[in-house]
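Asks: Each chain is listed here by its residues.
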Amino acid sequence: MTEAFRDRIDIALTVNGEPVEARVPAGRHLVDFLRLDLGLTGAHAGCEHGVCGACTIQVDGQAVRGCLMLAAQADGAEVWTLEGLTEQGVIRDLQDAFVARNALQCGYCTPGMLASIKELLDMGGVPDRATIREHLSGNYCRCTGYEAIIDAVETVAQARAGRITA
Amino acid sequence: MTISFGNPDRPNSYIGKTVPRPNAPRLVQGRGKYVDDIVLPRMAHVVFVRSPHAHARIGAIETAEAQGVKGVLRIFTGAEIAEVCTPWVAVLAHLKGLKSPPQHALAVDRTCWVGEPVAAVVATSRAAAEEAAALVDVDYTPLPAVTDMMTALDAATPVLHPDMGDNLAFRRLHEEGDVDAAFASAHKVVEARFKTARHTGVTLEPRSILVDWNPAEGQMTAWHATQAPHMMQTVFAKHLDLPEGRVRVICDDVGGSYGIKVHVYPDEVATAAIARIMARPVKFVADRLESFTTDIHARDHEIGGRIAVDADGKILAMDIDDWTAIGAYSVYPRTSAIEGNQVVNLCGGPYDFAHYRAQTSVVFQNKTPTCQYRAVGHPIAVAVTEGLVDMAAAAIGMDPVEIRRRNMYADDAYPVTSPAKMRFEGLSHHASMDKLMALMDYEGLRAEQAALREKGIHRGIGIASFIELTNPSPFMYGIGGARISAQDGCTVRMDPDGSIVALSGVTEQGQGTEAMLAQIVAEGVGVPPARVRVITGDTQVTPYGGGTWASRGAGIGGEAALQSALALKASILEVAGAMLQAPSEALDIRDGQVVDTATGEARMPLEELGRIVYFRGDTLPKGLPRELVQTRHFITSDYPFAFTNGVQASYLEVDTDTGEVKLLKHWCVEDCGRIINPQLVDEQIRGGIVQGLGGALYEEIHYDADGQLLNGSMADYLVPMAAEMPDMIVGHVETPTMESALGAKGAGEAGTAGAPAAVMNAINDALRPMGAQVTAMPFTPERILRAMGQIED
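First to last, the protein sequences are chains U and D.
At position 80 of the first sequence (counting the first as 1) the number is 80 in this note's numbering, and the numbers step up by one without a gap.
At position 737 of the second sequence (counting the first as 1) the number is 737 in this note's numbering, and the numbers step up by one without a gap.
Honestly, the hints are just simulated from the structure, not real lab data.
Here the structure is a predicted model, which means the values were calculated and not measured.
One or more hints might be untrue.
Reference listing, derived: stretches of chain D covered by chain U, where coverage requires no fewer than 3 residues with Cβ under 8 Å from a Cβ of chain U [to be verified]: (1) 221-229; (2) 354-368; (3) 684-691.
Stretch by stretch, here's where chain U covers chain D in the computed footprint (C-beta under 8 Å, at least three residues) [what the hints assert, rightly or not]: (4) 142-154; (5) 251-264.
Just so you know, even glycine gets a beta-carbon here, dropped at the ideal spot from N, CA and C.
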């Protein structure tokens, strides 16, 4: 570990709409900051090198790998985790669709999967199945075989589009 | 009491319906509780120093510099852990000749694979422990490594464990009929060599354990991501010299298992030993590199196979020579001989033929140990069998479906015993094949394939029939001396508010166990599933049981739940009869109400009965039994295993310029007996198929000749991702087992069992006109281009 990693850095950000001020080690990953320092255990560490997508969270409106971003880089950012998105009710239809379609089994990939899907759905429109699959190609799920997840996303996208045009 | 499953309009008809999973809303809201989410007061973190050598003598271990890292509490060597933790030997008496040396929690004197734990660093944070672990200086003297499977028994190859005499861990030869004579007189003999690559499970949640030892209570508590809490309770107690009753294993949410989390891992036992020594909670969570080097591997087989057929396509004989290399130790306590043994048991499984020879040779090598992983041995046996059947069909110019129809056991032939001496109670190969043909429009696809071939588009259709071993009896492990329960239990109770609590010994790994149990108990007692609270995964709370393995949860745990629920219903109705002054036989429970059976008229809600029993028991007749809690256990006894069957089909396109395979569609028709929850079964099948597709197309652990693991990251070990996977059509035939009232068999491994064979046959179907054939998985673009002769260097 280099000395620079021992440096502590003051950060101020909002997490799930709440202001947070903290002094973090320079080497602290954002997902570790959320899980270990803030007790937000929704996001999961799966591979810690940006491949599996389990730690995906929303930073300034974008889906971001919590293991590839340092907490120090989140200074001034607006961070949303699944806990906060749930409280806001902004993906309730997606969560309900996941339960109804059994689009999760062990649930470990689910928080990251939902964050990635939210990004896709926020773009609007009704993506076709190939587009949904492509968008989720950075989120690993060993349990479901993906089809139920694709079904759930498609259902929600269609429902949202119907609501808008209705 | 029985349930009239044939009547879909019966009261409380929850079995057979898609009922939502009670634990799913929690998981979609970020409220899961996985081991790494748990934080305890004074909790320390352990990180392991792991061998960088495949085989080396361990000399001095220098820890002074590591000790100086801020936050480090203590550093342990193998010798120190061995003082409190006895080694284990993974053999089973019924696997005759299986041998393996004693294995320690941390290596002592010698390390035998890259990744074996050698020392442990405990610190107040994981970061500090990781930093210090990098500073522990171990003096290794490298030893010659055994890394090649097929030369492991050669005289020139060093013996990995001198005490064992040679590198042969286990060998079994099974012979039935006159194989040589059948081959000699056959119309056609086809032979091939197959390879299945070394895989690992890649659970998204790495292996995780948090152990606390409370000396004041004399109690050890382990929060463990495991499939078998009671087995682990026994293991911790035995090897740490604790009374079994003083070890509690709790298994909350588990982030994927697939067989990976049903084994005893040295680092996890070491974590328990360290907690015992330090008398404080210690957490170990593997990182992804540790997952690749220390989670069990599987499927590393090379198989020579021959099949003999007559002019009508009837299979006369099969001859299988299976080899597998299991690493340096047989894995405790299930052993690493089971996979090879399964290949012997399962080859030729769907087919009615007489002459069968199969041998498995299981050898030691200096790599990560292999053991049971989803569908143990099935993907290998099915690939070899179905590959040979397709090759035989091609050799005699017969359609692959037709040759199967001519050889599969007739649907009315049961019970039968296979040439491998497996006993089948009732299977449905022909009905399943018929259903598959209709689902996929086989003739239509063949026409499309031919039309596209004219345009230079090479598509293939692959069929794979299979059998699957589920609902194991003690014949799997217990008779060999392992304390692994084939029995399972369920306790069901009614609380004062009329709600039901069910405690079960089977566990939830995400497959939907708790939903399945809730709907069985709901139907058995007569309440809506939402009024049933299911509790699993706590050895101090649930009845003793085996947990999740070998597709046993629904068939074994489900039957125990049904019987305990029916017993509770009888108890409730006995009380109700006394209160309502009616014969209890004339009463029923429907939707949470005691009713008249004949008229359905509501007589009393369960909460009123609960109020009287628990708070006004004085108003009931003295001596009236009022036990609103019942426990039942279930074990299979008529058959060693409940076999299921099914058939899969793959439709794909091979790009003959790039060698890439595009999966277009996949079908599976399977027969798991009584279906309790159609959606959960379908999703088990789909998830299993995709795991099998990974083995067929992507997954392969690579080692170099020195035993260095070359692709220990998720960027280098490829797994199926959403973009490449096909949609899957799933169909069912239901042949309930007569061993239980529920009639359920397992469904969790069928997808994985058949998918690789279906893909292999589809690729070869596409390549056949070009005279090319692939049999070594995974079927990478390079291997396909080599088979086509487009790469020759």
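Asks: Each of the hints needs a verdict: does it hold here or not?
Replies: Structure-based check of each hint:
1. 221-229: Violated - the region 221-229 of chain D has 0 residues with a Cβ nearer than 8 Å to chain U, which falls short of three.
2. 354-368: Not satisfied, violated; 0 residues make the cut.
3. 684-691: As far as the region 684-691 of chain D goes, the hint holds, because 6 residues have Cβ atoms under 8 Å from chain U.
4. 142-154: That given contact is violated, which follows from only 0 residues of the region 142-154 of chain D lying within Cβ reach (below 8 Å) of chain U.
5. 251-264: Result for this restraint: holds, n = 6.
The structure fails hints 1, 2, 4 (numbered hints given earlier, in ascending order).
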